[in-house]
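The residues making up each chain are set out below.
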Amino acid sequence: MSENSHGNYVKIWGILLVLLIVSYLGPMLEIQIVTLLTAFGIAGVKAYMVAKHFMHVNHVPRFVPYLMVTCLVFMLLFVAGTAPDVYKADGDNWVKPEAEWLYMPPRDDQHGASAHH
Amino acid sequence: MAESITTDAPAPADDHHGHEEQSFWSKYIFSTDHKMIAMQYMFTGIAMAMIGGFMAYAFRMQLAFPGIDVPGFGIVTPANYNALVTNHGAIMIFWVAMPVLIAAFGNYLIPLMCGCDDMVFPKINRLSYQIFLLSAVVLLTSFFVEGGGFGGAWTAYPPLSAKAEYSLTPLGSTIWLVAVALEFVAFLLGGINFITTAMNSRAPGMKLYDIPIVVWMIVIASILFLVSVGPLIAGAIMLLFDQNLGTAFFDPARGGDPILWQHLFWFFGHPEVYVVLLPALGITAEIITVFARKKLFGYRTVLHTTIATGVLSFTVWAHHQFIAGVDPRMAHVFTLTTLLISVPIAEMMFVYIATLYGGSIRLTTPMLWGLAFIAEFLIGGVTGIFLGASGADIYFHDTYFVLAHFHYTFFPIAIIGTYAGLTYWFPKMFGRMMNDRLGKIHFWGTIIPFNFIFIPLFLVGMGGQHRRIYDYSHFPELAVPWMQDIRVLATSALLVMISFQLVFFYNFIVSLRRGEKAGKNPWKANTLEWTTESPPPHGNWKELPTVYRGPYEYSLPDREDDYWPQNEPN
Amino acid sequence: MRPIATTRSSSGMPTGLLAVWWVVASEIVIFGGLLGSYIMYRLSHDAWAGEAANTNTEIGLFNTFVLLTSSLFAVLAHKAAEAGDGKKAARLLYYTIGGAVTFVCVKAFEWNMEISHGYTITANTFWSFYYTAAGIHALHVIAGAIIMAIVAKDAAKNLELHRVELIGIYWHFVDIVWIFLFPLLYIAK
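Those protein sequence lines, which keep their order, are chains A, B and C.
Just so you know, my numbering puts the end of the first sequence at 117, numbered straight through with nothing missing.
Just so you know, my numbering puts the end of the second sequence at 570, numbered straight through with nothing missing.
Just so you know, my numbering puts the end of the third sequence at 189, numbered straight through with nothing missing.
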């Protein structure tokens, strides 16, 4: 383990807390894209920082981070193969009354959807 | 990191070999020795195979002779029938194929073939077996609770599995699910142990390409299991909540989605086929190289195609769901990937056949099993092409064609693979040879009836006979005489096959006591397990071996012996 | 008693460290499958935004702070263990356990409040996911705290110091899962 990753754990912790506050304040601007960025973008950054500085993922052999990324890729694959079906609102013998069909024209459908909440 | 290695200082060696006098309990029940745990897995698996086989006997009798009072079981009611077929499938995959092929052979072979004294985590290994045993007991109790055993098929599709008013097994379905979840925990613990042992504890000099193929295959299978089972564990928790807490993860009426379960299940379920297939392929690779006295044709090809198969196996899962209402555009993708995955498997088959070509083949019992694996699995693989193509599958789905297809894959895997491995390593495990003549009688008595069970079922499947029907006499177009004759034929063949298994058990017990002493290396094989005593002592070797070459150096022209053990210095 | 197999490291990593990373891999797919399912449902149910508005962001924020801080203690404990100071490592691990206990207590308080407002696990599939995901995560927190107590007990006697790093890696992983649960369950409204 190299020296430079030592000693500044508290600094990393401070950065993580600042990022946490930003992700909390982000939604207050009430711009959806900003909310998504501050929420999930920052979550990604925080996860990366924890993995790099606390778990020392760059000090273990290369196959370890590759393995972790591979697991994530397989999960993306799972979502990609499953999503077209889960987004369906009905099938031959079933319907999902609460679900809204994503690909419908937004305007009319939004009204129909917002009727029940 | 240097610090953490030094704190890991090796315990004195005699500490590990020291306890000569062990009580019955510490030697056979609570042992942490990998060989004993392998035996525990093996015999539990064989006991479960008998239970699963008995279930097959009961429901096959009902299908051939509807309403018969099955000897040893009684009248098979519709609920019984559903519970029997469900648990036959679950037992044969989760409690027979997995424990025997991965856990038993993995436990036995990985430390011996890698040249170390035990698994890296012996206590976790023992815990893994204990959880597995518990899961088997939990599964069996599900038959004796109110409402009886779970009958919603081993795939447990909701809403049938989620709602007691449909499945009529309020307790049985929950207990079944808990048993499966426990079994997963056991194999996660075991799998991490296998992977870590093979990665970290190889003998000095054993490089990646010197590892015997069967070890590679078991490790890759463990990785496939570990990566694919996660979503299903999450899904099992969701289903458990649907069953018992009244959530609606899979209930479309309340915003859930039953198709999601099918995806979660098959995202695991399809790699699972390869999880059990790979160890059987590995066992076959060891056997055919030894008994053809030839180097494995393309070690690296086999290894790389195995990895390719493993990766591809994650991309094919929805071919089980073509008629479940999945997106037709995705069905095209999954058809394509399914046809693609037959390429690496076919490549492996060609490699095995090329290994046999020009070898000096010795038709011993294990070799017969190995060859039978290739031949029978080929039929299973080829019929899979029909089912992988979404157009044909719409007709074949849920018919006996599917059933015959996957029995042509799983029977070679679970039964032929086990017999191949067991007859091959029997001398190492117990120190004595098995009787070859009885072995061959058992072999032919198993293989011939097996084909008489399932080839006819392809025919009735193509004739439109659906699965999961309790009594065909209610379906006039399926109750025609030729179909009923085929059902009787299949059941009779099953009875013949089951009765020939007695030959194996007789042979096993007699050879255990009176078989010829095997010596260290009866088959003149190269891999490391044959360099120690038979059976290996606790700790495996007095002095752990060093490796100088790959595992398949047979019939080298400039050597006197036609084999060259891995640990022999140049 | 430890077999020679455990002390070898052909892969270039100590055995325990290698195994912990495999455990993390197996956990990634468990949470990946669960959260993947949740995200798909969330995207196809616009009405869930209304349900998510009823979660308490401040409590989520506080719990994230607690977990991040406990992660800091875990990594400082690892540093102390590397320096051979078992006593200090054990003390820092006990702080980490304190974080875990705080987390679980806050969680219990939060759930209690939500359940008393009628947001039970069966209220809606959003709440089913909310309790399932956070519940599985909380189980990991509890399991981690128990293991950490065992490690700390040994570490205080300067025994098995390498385990401090191993439990730390697991703990950081549990932290990372929460880092994603926080926006998924609390912020995205």
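If you are wondering where the hints come from, they were derived from the structure by calculation, not from laboratory data.
Misleading hints may appear alongside valid ones.
[As the list claims (entries may be wrong)] Pairs of lysine-lysine residues, derived as DSS-like cross-links and limited to a Cα-Cα distance of at most 30 Å, are as follows:
(1) B/Lys123 to C/Lys189
(2) C/Lys87 to A/Lys52
(3) B/Lys123 to C/Lys107
(4) C/Lys153 to A/Lys52
(5) B/Lys524 to C/Lys87
(6) A/Lys52 to C/Lys107
(7) A/Lys11 to C/Lys107
(8) C/Lys88 to A/Lys52
(9) C/Lys153 to B/Lys123
[Unchecked claim] Label pairs and their in silico Cβ distance ranges:
(10) C/Ile147 to B/Ile361: 50 to 58 Å
(11) C/Ile115 to A/Gly41: 29 to 37 Å
(12) C/Lys87 to B/Ile509: 43 to 51 Å
(13) A/Phe63 to B/Pro170: 19 to 27 Å
(14) A/Ile31 to C/Phe62: 23 to 31 Å
(15) B/Ile509 to C/Ile147: 19 to 27 Å
(16) A/Val34 to C/Lys153: 54 to 62 Å
(17) A/Val34 to B/Leu378: 18 to 26 Å
(18) C/Gly12 to B/Ile124: 19 to 27 Å
(19) C/Ile39 to A/Phe63: 22 to 30 Å
(20) A/Val34 to C/Phe62: 17 to 25 Å
(21) C/Phe62 to B/Arg468: 35 to 43 Å
(22) A/Tyr48 to B/Tyr395: 48 to 56 Å
(23) B/Phe24 to A/Phe63: 37 to 45 Å
Each residue gets a CB set at the ideal place from its N, CA and C atoms; glycine is no exception.
Discussion item. Name the hints, by number, that the structure is in violation of.
Written reply: 1, 3, 5, 12, 13, 15, 16, 17, 21
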